[in-house]
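**Student:** Sequence:
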Amino acid sequence: MVIPSVLTELPTTGSPFQTDWPVRLADTDNDQRLRLDAIARYLQDIGFDHLDAVEDGDTHRGWVVRRTVIDVMKPIEFGEHVTLRRWCSALSNRWCNMRVQISGSHGGLVETEAFLIHFGTESGVPARMSDRFMAPMLANTSEHRLRWKPALTDPIPAQDEPDVHELPFPLRVTDIDWLDHVNNAVYLSALEEFLADHTDLVSGPHRTVIEYAKPLKTGDKVRLISRRAGQSLGVWFAVSGDPRAVAQVTPL
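Numbers 42 to 293, taken from the numbering used here, label the letters of the sequence shown in order.
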């Protein structure tokens, strides 16, 4: 399987990087549930905090997310204090899978894993991580030849197919990050637009997978295309007929 049905447990050796903070009002919806876009921001924030705590972190500031898996085991809600633990579950010398567990003080639990590619900030291409940077990841993992393989491969559905819907998604100045890409959290906020009409999929434990093929950039005319097929909701982020990202939500 490209993505395991259950994400890897905490490592038995070493200690994951850990931090914590309160769940803020702007992170939650009208049911007080921690939204997917807020979870994406949490993953970014702990990632950069982690870089500040490891050797050679200052020379490894460029990262692009290729895939994020978010397993909501029990929703985290407004008012909870969350503890985040981050560790590497597999790697090669230019990319890695990073696990983040988010546990709430009232019992909420979210498990995540992201496939991250290290980029040279000057070259703009995938770059080898330094030996010192990789050392703690190598010590706590058994998979050191990680390869990329997409999990979401269905093409954009035709508009005349059953249960297909489309929404425009105009980009805002605040959606663009320092790489001139639409920030990862913005994609998840778009997904929330569709989930509002498919609450049955998120009423219990559920998995969200999003894979990024090409970045969305300033000026792109983005179309959001969704298709509900049984217990699965797929959403494509398209510019003209070009799929830039695809997401899927399914119950666990």
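One or more hints might be untrue.
Straight-line Cα separation of at most 20 Å, EDC-like style, residue types lysine to aspartate or glutamate; simulated pairs [to be verified]:
no. : residue 1 : residue 2
1   : K262      : D216
2   : K115      : D72
3   : K262      : D221
4   : K255      : E202
5   : K258      : D204
6   : K262      : D241
7   : K255      : D78
8   : K262      : E207
9   : K255      : D204
10  : K115      : D90
11  : K255      : D201
No lab work stands behind these hints: they were computed from the structure.
**Student:** For each hint, tell me whether it holds in the structure or not.
**Tutor:** Going down the list of hints, with the structure as the test:
1. Among the hinted pairs, K262 with D216 is consistent with the structure: their alpha-carbon atoms are about 13 Å apart, no more than 20 Å.
2. Between K115 and D72 the CA atoms are separated by roughly 14 Å; this keeps the pair inside 20 Å, and the hint holds.
3. Among the hinted pairs, K262 with D221 is consistent with the structure: their alpha-carbon atoms are about 15 Å apart, no more than 20 Å.
4. Distance check on the hinted pair: K255 and E202 sit about 25 Å apart at the alpha-carbon level, beyond 20 Å; violated.
5. With a C-alpha separation of about 29 Å, the suggested pair K258 and D204 falls outside the 20 Å cut-off, and the hint is violated.
6. This hinted pair does not check out: K262 and D241 have alpha carbons roughly 30 Å apart, beyond 20 Å.
7. At most 20 Å may separate the alpha-carbon atoms for a hinted pair to count; K255 and D78 meet this at roughly 19 Å.
8. Proposed proximity of K262 and E207 is supported: the alpha carbons are some 13 Å apart, at most 20 Å.
9. About 26 Å separates the Cα atoms of K255 and D204, which puts this hinted pair outside 20 Å; it is violated.
10. At most 20 Å may separate the alpha-carbon atoms for a hinted pair to count; K115 and D90 exceed this at roughly 25 Å.
11. With a C-alpha separation of about 26 Å, the suggested pair K255 and D201 falls outside the 20 Å cut-off, and the hint is violated.
Going through the hint list in order, the structure does not satisfy hints 4, 5, 6, 9, 10 and 11.
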